[in-house]
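Trainee: The task is to assemble the complex, starting from two chains supplied on their own in separate frames and drawing on the hints.
In order, the protein sequences belong to chains L and X.
With our numbering applied, the first sequence has no gaps in its numbers, which climb one by one up to 771 at the end.
With our numbering applied, the second sequence has no gaps in its numbers, which climb one by one up to 329 at the end.
Hints are computed from structural coordinates only; laboratory data are not their basis.
Beta carbons are placed, not taken as given, at the ideal position from N, Cα and C, and that holds for glycine.
Calculated cross-link-like contacts (lysine-lysine; reagent style DSS-like; alpha-carbon spacing at most 27 Å):
| id | chain 1 | residue 1 | chain 2 | residue 2 |
| --- | --- | --- | --- | --- |
| 1 | L | Lys579 | X | Lys182 |
| 2 | X | Lys5 | L | Lys625 |
| 3 | L | Lys280 | L | Lys238 |
| 4 | X | Lys182 | X | Lys170 |
| 5 | X | Lys170 | L | Lys661 |
| 6 | X | Lys153 | L | Lys579 |
| 7 | L | Lys763 | X | Lys35 |
| 8 | L | Lys731 | X | Lys69 |
| 9 | X | Lys308 | X | Lys223 |
| 10 | L | Lys16 | X | Lys261 |
| 11 | X | Lys290 | X | Lys127 |
| 12 | X | Lys105 | L | Lys661 |
| 13 | L | Lys594 | X | Lys5 |
| 14 | X | Lys182 | X | Lys151 |
Covered stretches of chain L, as calculated for chain X (at least 3 residues, CB under 8 Å):
| id | region |
| --- | --- |
| 15 | 173 to 184 |
| 16 | 346 to 359 |
| 17 | 423 to 434 |
| 18 | 477 to 487 |
| 19 | 573 to 580 |
| 20 | 586 to 595 |
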Amino acid sequence: MKFVYDLLKIKASTPKETAQLLTMHTVEVDRVVNGIVAIGVITGKIIDVQQHPNADRLRVVTVDIASGMLDIVTGAPNVEVGQIVAVAPIGAQVLSIDHKIKSPVSSQAQLTTIKPSVLRGIESPGMICGADELGLSHVVDSTLYIFPNDTKIGVPIETVINSIGMIETDDKGTAHRPDLLSYRGIESELAAILDKPFDRVLPVLPNKIKNDQLSVQIQTGECTLLIAAKIDNVKHHKSPPWLTDFLTKNNINSVNLATDITNYVTLIEGHPTHVFDAEKVGNTLIARKAKPSENLVALNHKTYRLAPSDIVLGKHSVALDVAGVIGGIDSKVNDNTTSIVLTCAVFNPASIRHTSRRLGVRTDASARFERGLSYHSAINGFNHCLNLILNESGGELTALDTKTSPITVIPKIDFEPNEINAILGLSLSDSEQISILERLNYRMSSNIITPPWWRNDVLVTADVAEDIGRIYGYDQIPSASTRFANSTNGTTLMATINDLRHAAVRDLYEIVTPTMTSSVFEGAIEIANPIGNLRFVRQSLVTEVLRTAEYYSRQGNDKYNCFEIGRTYRLHNNNVIEKYRFTACVVGDPEIAKSTIGNILHRLHINTSKIHFTACPQTNSASVKYDAVAHINYEEILIGHLIVHNIRGTQFCVFKLYVDKLDEYRDHHPKYQSYSKFPCVNRDISIIVNQDVNAYDLQQSIEQLSQLHNLLDASPTMTLFSGLESISNQKAITIHLSFRSYERTLTDSEVNQLLQTIDSMLKTNYNATIR
Amino acid sequence: MISIKFLNDLISQTQSRIDNGEDINVLHQEILGRKGLLAHALKDLPKLSELEKRTVGAKVNQIKTQLIKMLPVINPEHQNIIDLTFPMRISPHGHEHPIEYLISKLYQIFNNQGFVDYISPEIETEKSNFDALRVPADHPARDMQDTFWTKNKMVMRTHTTAFQHTVLTKLVPPFAVTQGGKIFRAEAEDATHLSEFHQFDFFAVAENLSFKDLKGLLMHIVKQIIGDDCLIRFRPSYFPFVEPGAELDIQCSHCQGVGCKSCGQKGWIEILGCGMTHPEILSSHGLDAKRYFGIAGGIGIERLAMAKYAVDDIREFTKNDPRFLEQIV
Chain L
1 MKFVYDLLKI KASTPKETAQ LLTMHTVEVD RVVNGIVAIG VITGKIIDVQ
51 QHPNADRLRV VTVDIASGML DIVTGAPNVE VGQIVAVAPI GAQVLSIDHK
101 IKSPVSSQAQ LTTIKPSVLR GIESPGMICG ADELGLSHVV DSTLYIFPND
151 TKIGVPIETV INSIGMIETD DKGTAHRPDL LSYRGIESEL AAILDKPFDR
201 VLPVLPNKIK NDQLSVQIQT GECTLLIAAK IDNVKHHKSP PWLTDFLTKN
251 NINSVNLATD ITNYVTLIEG HPTHVFDAEK VGNTLIARKA KPSENLVALN
301 HKTYRLAPSD IVLGKHSVAL DVAGVIGGID SKVNDNTTSI VLTCAVFNPA
351 SIRHTSRRLG VRTDASARFE RGLSYHSAIN GFNHCLNLIL NESGGELTAL
401 DTKTSPITVI PKIDFEPNEI NAILGLSLSD SEQISILERL NYRMSSNIIT
451 PPWWRNDVLV TADVAEDIGR IYGYDQIPSA STRFANSTNG TTLMATINDL
501 RHAAVRDLYE IVTPTMTSSV FEGAIEIANP IGNLRFVRQS LVTEVLRTAE
551 YYSRQGNDKY NCFEIGRTYR LHNNNVIEKY RFTACVVGDP EIAKSTIGNI
601 LHRLHINTSK IHFTACPQTN SASVKYDAVA HINYEEILIG HLIVHNIRGT
651 QFCVFKLYVD KLDEYRDHHP KYQSYSKFPC VNRDISIIVN QDVNAYDLQQ
701 SIEQLSQLHN LLDASPTMTL FSGLESISNQ KAITIHLSFR SYERTLTDSE
751 VNQLLQTIDS MLKTNYNATI R
Chain X
1 MISIKFLNDL ISQTQSRIDN GEDINVLHQE ILGRKGLLAH ALKDLPKLSE
51 LEKRTVGAKV NQIKTQLIKM LPVINPEHQN IIDLTFPMRI SPHGHEHPIE
101 YLISKLYQIF NNQGFVDYIS PEIETEKSNF DALRVPADHP ARDMQDTFWT
151 KNKMVMRTHT TAFQHTVLTK LVPPFAVTQG GKIFRAEAED ATHLSEFHQF
201 DFFAVAENLS FKDLKGLLMH IVKQIIGDDC LIRFRPSYFP FVEPGAELDI
251 QCSHCQGVGC KSCGQKGWIE ILGCGMTHPE ILSSHGLDAK RYFGIAGGIG
301 IERLAMAKYA VDDIREFTKN DPRFLEQIV
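In isolation and in its complexed conformation, chain X is listed as follows (with noise of 0.2 Å):
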């Protein structure tokens, strides 16, 4: 029996060795050789009656000529004719998503500082998301927060901060740990808010630490994310979490400082919150707040990649069009 499946499969499956960058010559041999594929696959053809012959040679032969055009045998003295002017071609392959990029600078940034990665669930109690963190139901902080609440009455981290809990009571001062990834906010989507988003907290318990270090940290920290000469402004700001807060805006990338879209007209696109750890977290998870004191914050990894890329929409981030993961890493 003579197959014309076969012989049909055997053009795209040789197409597909062509594309996968296989010798043509060995190629050549090894399916139009004489004791090649086809010819294995053509050996019943004598047996077949003159009818058959002649419609299912007409097939064969059709076959045959478009394998013959595409493994042509490469005549060695024309394959010693080299053009270079022919423009480049870029591969499109291998792009980082900025997000994730950024995110894992991030933790390599922050480790050369001495941090090291603490893994948390996306998926937390309500006592580590809030009420650890001094944000208890029916207080006004849980507004700055819309939330989605699973129905075994769990929580979607609102916050990266939420691993604070765990962190607590499971490591014992000096630590310094951080942890990166996706938060949900119950709201609705449009150029400068997204339901899941990401987020980079960073947390450091031990005695001696100040205000100062925190400040020095994180100038750092943006230097290196941003580039030397991104102008940042250190101001007061409220999170149940830290006292003394404070929020770090950097100046917008698109109006530079003058006011527009993207920044609401503030000229500064705020990018990540943070202080002195409150007192009482610390003492609620039995320190001696007089002793140990915490530095903490949390970046919003869009806004920064808003902010580092003059992105001007948040909803790029989540359509991973090619056209726009190849323009940034």
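So here's chain L without its partners, still in its complex pose (with noise of 0.2 Å):
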């Protein structure tokens, strides 16, 4: 809510100073504007322009400031002659500015008086404003500060500028106090800050003034509260300076006097009421549920369909108003009522915001109603707008009638002192709490303790402790360093995840991709208010980590490999199956790829002996047509895929990897193994063997030769050489071999012993040739 500096009767120094309290202490301001700093500035019109005889840059300007004529040396470059500007005469008071920064206005606020000086040899007496040295840098954005042609010249700046001072606190802030969007309410956490006296009646119900003219029936549970009083013969319409002027400054238009009344009350007193053409409404005022399909022409012309969820005040035949929410537009009060109908009340305010949000108005009545306005916030709204009507409007009350079901009693909370200090972490004594407390109206008796009247969010003793903590100052609180117990450990997977990052990013780009998507599969969890096309939430990372790739790569990035580490979703028997996967897509040769995943892998200590790849048959119904797809398995168990795709020429290889089964297989714990430390033998067998051979096969069997027992010093490694298919249905493989023993250095007779063993095992086992 906007507060008009000027208006708030309790406030620190300077909007500033008071936003600042009222950030540390009650709100966050959102939005602060000083207004008009300086003092004793004048309106003056430009008569002629001279250049300055001594200096390029300056000029001798003749001002017409009604009292006389004043000829001002100025380096504004832009001065013309017949422009009003803002004229500082002598004794005037200034923003002084740091050209070199040019902005100070914000911070803090110096003031320096005009004195007669000479510039250049030539007298000057007084200077021609730029708008920052106004303070308003903020409203308008040119050194010069130019009013309209018909402006009055010779009067104060104030009078013709409209820039006040104004706070605009965060509604976020202010879910659970309505009060806090009054000037009241405001005012009494100021006066609380500062340590002021501050202090609001507490309202009584008025008397019932029985009348058949008028009555109040109440007729769903959803109101608790109705009051409605009848004027007749009111004689004014128009409202009074002070009232359009208090308006005008907050920004609302001037109708009439009664609606000018009740807005007012609104912003003073922070509870809306609502006047009705007395004719209107006839004998009875009824809050009700609407009927299916009632219809209502509210006051900005448009006609809402209303439900039976909504409440309305009217007849029993006609809705006049939606409750809390907006008034009709036929039971208005206009210039030629004579008897008006002034009411009151208090709506269970989750079924205002439902209403308020179903019929898609948000208004100053809605925002208050929805955060639940209380018993006494509304008589005292009502006796106030009664008082005000009934004094500025001629009018005499002729009926009040009131209907209540259980009056809201303020609560009564025990006073703890000794758990107020246990929350806060401080030790105050009771009379340093109930000190505070009394500067927020609290009162006290024995050990119980009463918060203000307008106060409903205060329930218990946590409530009261945070209000003694921030009025003591949050910034006055100590820090104390703690170190928290636990009864439950971690669990692994957090981790690996964890260990998977630093594994992968040593290779690839960290990305992160949304959880919502546009492409649908089987078992798809679909939202239900997605926003464009984003309908699902995603089953596998595969296609945005693919796109991203892409996308990049095309951005002549030469090498875009990436990887995300994310959460996946699907449907499973109405049970929401979550999973985390790891994806990552490397540009290229899939032999780089695989390399890829075996660098990772080593990283997480799995052993990467006991992962093999083995090719997988797309199905025909897949929606995109991989170029190949092989599952990665550790031992016979499925721990991932790599699919190899490609686009426009390039080869893109996206690997996944379920993050579950890393965590199972991994060895959380690696110790020490000692080492051979015997020199290493290398060797390369070239083969030639049918197409159909598994490349894993061929490394088991070697590996399973027991002449190699304890000899190898890896698992073999192979290069691929394809394309030999359209010769013969053949491939070539060099299969690089490393020997070691832990005992004892291998001689060349040995090795070629070894070689020997594995060349006869591949021809004889799988027709291979060597070359």
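Mentor: Right, dumping it as structure tokens:
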């Protein structure tokens, strides 16, 4: 809500300082406008502009300030004859501007008094002001402040500039406190912070004035208080200047006296009231549920179709007002109205919010009602309104009726100073606590505390503790260094995810892609209120990782290899199944992708000799046809997939790994193992075998040769040359072997013998041709 | 038969092996050597007719010339020429995403303070996300968070705080747990808003925990993350699940507190909301709220990252542009 600084009865010395106090003790201030800071500046019209004889950049300007003419020396380049400008004569005070920084206004305001001065030999009895010197640099983006042509000259600028000090609070922070959406509410907070006296009289329900012309009825449990008064013989419809001035400053248009008063009271007291043309109300004002398909033309000229969940005020037959949200146009007060009905109520906040959102109407009234206005606040608002209307309209009160279902009492809370200290971590004495509570208008009797009647958010000791803590100052509460104890241990999964990230970022860019997607699949979870076509929750990261890799590869990034660790979802028997997935994309040769996989798994302490790839036929139903897909297996367990996809001549290798499987098969507690101190002998065997020979089988067969027992230093790796298939359905493979013994240096003949063993095994088992 | 396709593939495969850093001399031997792959592929050449030889031969020669150019036999004398004055090449690979980096760093820092990770789902029940946290239907606090609902009446969690309900159901105090990850809000995207972003929550329940412990913890965490010299502001705020409630702001690093576009002219950037767990939340989960106290808070990761790295548009975090990623972590 916006508060005009001048209209606050209790405040600090500047809008900025006031905003600072509210932010640190009550509610965050989103915006502060300082308003005109300069003092004694008047308007003047430029009559003549002459070049300064001794300075290229200066001009001598003759200004008419009504009481006379001034010849002022100015550096402003854009002065022109006929402009009406802000003139600071001798004795006026303006903001001093450091033109190098050019932004002093929002920080500490420093005023300088204008003195007679001589500029390059010419005396200047004042200055022509820029917006920043007036304190208005946030309003106009021009150095020279120029007024409209019809502006009166020789008058203080405050009277012609509509820029006033303003504080705008953050409405998010007041979801529990409707009282902060009012001048009185903010003033009571400022009074507590500044330790100034402030009180509001406890409102009492006005006496009924029995008259068969007006009675009230409550026909729904959603309304707990309804008050209405009839004022006859209304004479005046025009608002007095103090009222229109208040509303103008708060950006509200004056409508007519009665309506203006309700708007004024909403802002001042924080409780909306409503006035009807009494003729339209009839004898009984009813609060009831709307009937099915009941319509109302509202004050904004729109027709709303009401639902039985909405509360309305009106007659049995006709709804006159959507309760707590917006009034009807038909029953509004106009300049010919002689009798008005003033009404005020308390509604179930959830119901008001529901209606307001359903109709898409947010008003000053609904914003307050949905925060939960109280019984006392209603009576207070009503009384204030009624008094003003009677005083200003010349009308007379002829009927007043009230209905209330259980009277809300102000909660009484046990005063528990020890618990308050325990919550805050302070050791305030009882009297220190009481003193703060009294500043906030709490009342104490024996060990019971009663919050002020306008604070229906205070219900338990924790609420009281917050009030004490924030007025004492969160900044003043000391910090403790605590080590936190646990009855539980973390899971290994988070550690695995963390290690996986660190293993992968050595080679790949880490990326984050959206969870909501446009691609549908079997078992997809669908968003009920999507933005655009992002209607589903992803089941796989493959699409987005591939898309990202492709996009940035096309952007000229030579090798944009990336990965993401994220969660995927699908529905299974109406249960949401959530999985962590690792998905990466490597551009180029699949062998590079496979070595990346190997590196990552190796860093996670997964035994890579147990990893093998098996070709995976693609189902015809797959939406995207990939060039090749393989299963990644740990022994016989599937732990992921490798996909090769060719897009416009570039090969993209995508691999995904099931994080839960990695967590299961990794060695969480790796231990040192001693290693051979003897040298290693490397040999290659190049063979040609049939296309259908499985490389993993070859590898396994070699490793299982008994003669090689304990003599292979690592699992054999292989290089494949494809393309021979067009010759004879064959492929050329080079097998890289490294031999090492734990006990001795291997001799050449020993190694040659081993190679022969392998050769003959390959010939026998795989019909291999040795090259 | 001689396969031209095989020969063409041989060139591309050789190139990728060179790119992989394999030894040129070894490759030369393997491909161009007497028993090399090229010789093997061309073993049928003599069988061709003269006419075939002329057409195929020209192609073969061209490929052979190319391979020789790719695999020059390096003269051992020339190998000794070393020039260290060439500009360095920086490998572009392997950068952490700033968001995941910060989450992982927060886990670490909180872990050092005794917190453990508690994984909880991103798709939650309405009860976990709202009702158990004192945010009933049609409560204005739900306005703070425009919610994505799934068709099976689940909630795309609007805050990581949603894990509190599960934690209170499964764990017995004392405990201190954290949860970081994606959250969702049905909002239009702009320079300061995303519909998918990240949060990191902490939650501890024990006897003798107070606002003082909360403040101390957060001062420590923020200084660890942002740096010792950052200016911190701790001010009252409202969240239905805490009482007293607070928000922590750090001074905007773009404008040093003067006010700019990034901080909405405030000079400060809100990075986390926190407070003492509302006693009703403890008691509604069967804990004695006079004996146990909870501290809780949620850190907005994108906001934190924007403040820490002076990023002025939140959408940068969704683009995954290498020029962005390489600048940060």
